[in-house]
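A.B. asks: Can you build the whole structure from these sequences, using the hints too?
Just so you know, the sequences run in chain order A and B.
Numbering-wise (my numbering), the first sequence opens with residue 1 and increments by one.
Numbering-wise (my numbering), the second sequence opens with residue 90 and increments by one.
Mixed in with the good hints there might be a few duds.
[To be verified] Covered stretches of chain B, as calculated for chain A (at least 3 residues, CB under 8 Å):
id : segment
1  : 118–125
2  : 203–212
3  : 249–259
4  : 269–275
Please keep in mind that the hints were generated in silico from the structure rather than gathered at the bench.
Predicted, not measured: the structure shown is a model, and the values here were computed from it.
C-beta: ideal position from N, C-alpha, C; glycine also.
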Amino acid sequence: MSEHVHTPQCSKLLGSLSDYIDGDLQAEICAELEAHISGCDNCRIVVNTMRKTVELYEQTSNEPVELPQAVRERLLLKLDLDALRKKGQ
Amino acid sequence: MTENANLISLDSLKAGDREAFTQLVDATSGPIYRVAMQILGDEQDAEDVLQETYIKAFRALPAFEGRSSVTTWLHRIAVNEALMLVRKRRPQTISIDDNSPFNGDLESESMDIVDFCCMPEGELLNKESRDFLDQAVQDLPANLRVVFVMRDLEGMSIQETSEALGLSENNIKTRLLRARLRLRAELSAYFGGKLQEVEQR
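C.D. replies: Structure follows, in structure tokens:
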């Protein structure tokens, strides 16, 4: 693990990073950024790991998740659906 | 719990069919509760939002126009309910003036350089890592967390997020960038530790 020493250009790049990984960056700045990344290993890693970070979160957010049983019971009770649910089981 | 919400008959839902509505609740309530927890970080508050979401949805269904999927519609209701609670409990969370443009203030942020992209998926998304990912979101300052959850976890656009929060798009982008940079740094430190463990074995 190493600490990244910023050059002024790296700092400028950081400000565009989010737009870049969302594909929202203006073509001109995008080209500038890509030229910088091709010669700066640390910045390339920062870009790639930020993209990976967002991907990991997207992936987990799309996975099914169950409601805790007690929370579900109170919800159905509140919605007056519990009688129906029991009848249907 | 595996029923796909978007396969439930919209006509039945709009007609107030309670069996169909129960199916909808079972198919969607897990993720709805999760997003409320992510925004609010409090189980009781999240449960209040969950209940209020379905009460409002049940009332509003007859007028639902189907411009988005039912699932998306429910998520928007839940996000709005959660934001109302945030405004009530911690009004400064949203209105705090952090409009300052991004100007390299992240010099102070830790810039760990660990290339964890190539770690096996099993390592990146095992139970322990998932718990860490969840905790890292909870540890974000509330003003950044709200934006990150809406944009990156709920998949709302910058424009939608900006309208829902009543903040400029630039403000949203700045908060999103700060949130993502922090999470990236947290994950780098965490996975960096894991990589070191592997090397030492």
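A.B. asks: If a hint holds in the structure, say so; if it does not, say that too.
C.D. replies: Consistency of the hints with the structure:
1. Evaluation of the coverage hint for the segment 118–125 of chain B: fulfilled, as 5 residues show C-beta separations to chain A shorter than 8 Å, against a requirement of three.
2. For the segment 203–212 of chain B, the assignment as covered by chain A holds, since 4 residues bring a beta-carbon within under 8 Å of that chain's beta-carbons and 3 suffice.
3. Note: the segment 249–259 of chain B has 0 residues with beta-carbon separation from chain A under 8 Å; the three-residue rule is not met and the coverage is violated.
4. Here the segment 269–275 of chain B counts 4 residues with a CB under 8 Å from a CB of chain A, which clears the bar of 3, and the coverage holds.
The earlier numbered hint that this structure contradicts is number 3, and it is the only one.
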